[in-house]
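J.: Each chain, letter by letter, is given below.
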Amino acid sequence: MLEDLSHHILDIAENGVNAGADTIAVSFDDDGEFIRLTVRDNGRGMDEKTALSVVDPFFTTRTERRVGLGLPFLKQLAELCGGEFLLSSAPGKGTTVSASFSKQCVDTPPPGDIPSTLLTLLVGHGHISWKYVHRVGKREFLLDSDELKDALGGGNPFTDPALAVGVKEYIAENIGELYM
Amino acid sequence: MTEEKKKIRSLDDLRKIKEKTGDLTSARSEVDKVKVIIGMGTCGIAAGAREIMNAVLKELEVRNLHNVAVETTGCIGMCQNEPLLDVIRPGEPRITYCAVTPPDVSRIVSEHIVNGRIVQDKLYGRAD
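Line by line, the protein sequences give chains B and X. For reference, each letter of the first sequence is one residue, going 1 to 180 in the numbering used here. For reference, each letter of the second sequence is one residue, going 1001 to 1128 in the numbering used here.
Worth flagging that the hints you see were computed from the coordinates, not collected in a lab. Please note that the accuracy of each hint is not assured.
Stated by the list, open to error - Mimicking SDA-like on lysine to any residue, the simulated pairs with C-alpha atoms at most 20 Å apart in a straight line are:
| # | chain 1 | residue 1 | chain 2 | residue 2 |
| --- | --- | --- | --- | --- |
| 1 | X | K1033 | B | T159 |
| 2 | B | K75 | X | A1046 |
| 3 | X | K1058 | B | V165 |
| 4 | X | K1020 | X | K1058 |
| 5 | X | K1018 | B | K75 |
| 6 | X | K1016 | B | K75 |
Use the sequences and the hints to build the structure in full.
T.: Encoded structure:
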């Protein structure tokens, strides 16, 4: 199973990569009562029939295996945790997945290591424009991979291991400050 | 007196790291690089692939290695053997390691990536 919310974010964002998206926006929104995760990609999207099928664990478009567990896990977890799961998609437009979790519910997983998730996405898929927003109440931290690239002199700075490790600390420090 | 390491909080702090390391990475062409590929499907993530990815980056930073390109891939259908990590040294066959743990990472980096010796006890297979 995926242990915490940061693992789910990584999993759902990877779906966007596999859908051929070039821009993926991820948000983590903690309003005090609920935590809502949203992943929006501009990939190839799905028709209505496919969009309804992807929450079935025994549906997958892959040929390597016969199950597809990422979205069913997330849907089940959100519904178990007093939240809701929403998926909207249109062919050629992209897909948006959103899941919320009540902070009162004992089964709601901890946020987990979000900096590691973001670093994995930035390094693993440096060609994609990543937009991340982490909101806690009225405070927020924005991370835009294009801005980060520009600030660091263009190219793909995440291939430099020293910078990659630095970017992770930068994310961790800035998210940490939202909770102070 | 030892100076406490300054935390990285701003883009300026990141720029300073960039200045220090210079253009070591871009100076090399992609074909000369060792490629590391980590499976990042749902199965890989559940088995700890993200932690492997972070351990690889940390190890490359500590050893100051700039000739390695780290990539991720989706599920390849061998979910029970995740986390999977492949190493391709230029001109050599693709080596797949399975059930990789963070402590294995430093061995794979020092033995295989740096010295070209395959870590036999974690070996899953090779593709020529």
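J.: Each hint: holds or not?
T.: Checked hints:
1. Annotation: proposed proximity of K1033(X) to T159(B) holds, straight-line Cα distance about 11 Å (limit 20 Å).
2. Our distance criterion of 20 Å between C-alpha atoms is met by K75(B) and A1046(X), whose separation comes to about 16 Å.
3. Of the pairs offered as hints, the one joining K1058(X) and V165(B) holds, with about 7 Å between alpha carbons and a cut-off of 20 Å not exceeded.
4. Between the alpha carbons of K1020(X) and K1058(X) the distance comes to roughly 17 Å, so the proposed pair stays at or under 20 Å and holds.
5. Taking the CA atoms of K1018(X) and K75(B), the gap is about 41 Å. The hint is violated against a cut of 20 Å.
6. Restraint check for K1016(X) and K75(B): the C-alpha separation of about 43 Å exceeds 20 Å, so the hint is violated.
In terms of the numbered hints stated before, the structure departs from hints 5, 6, listed from lowest to highest.
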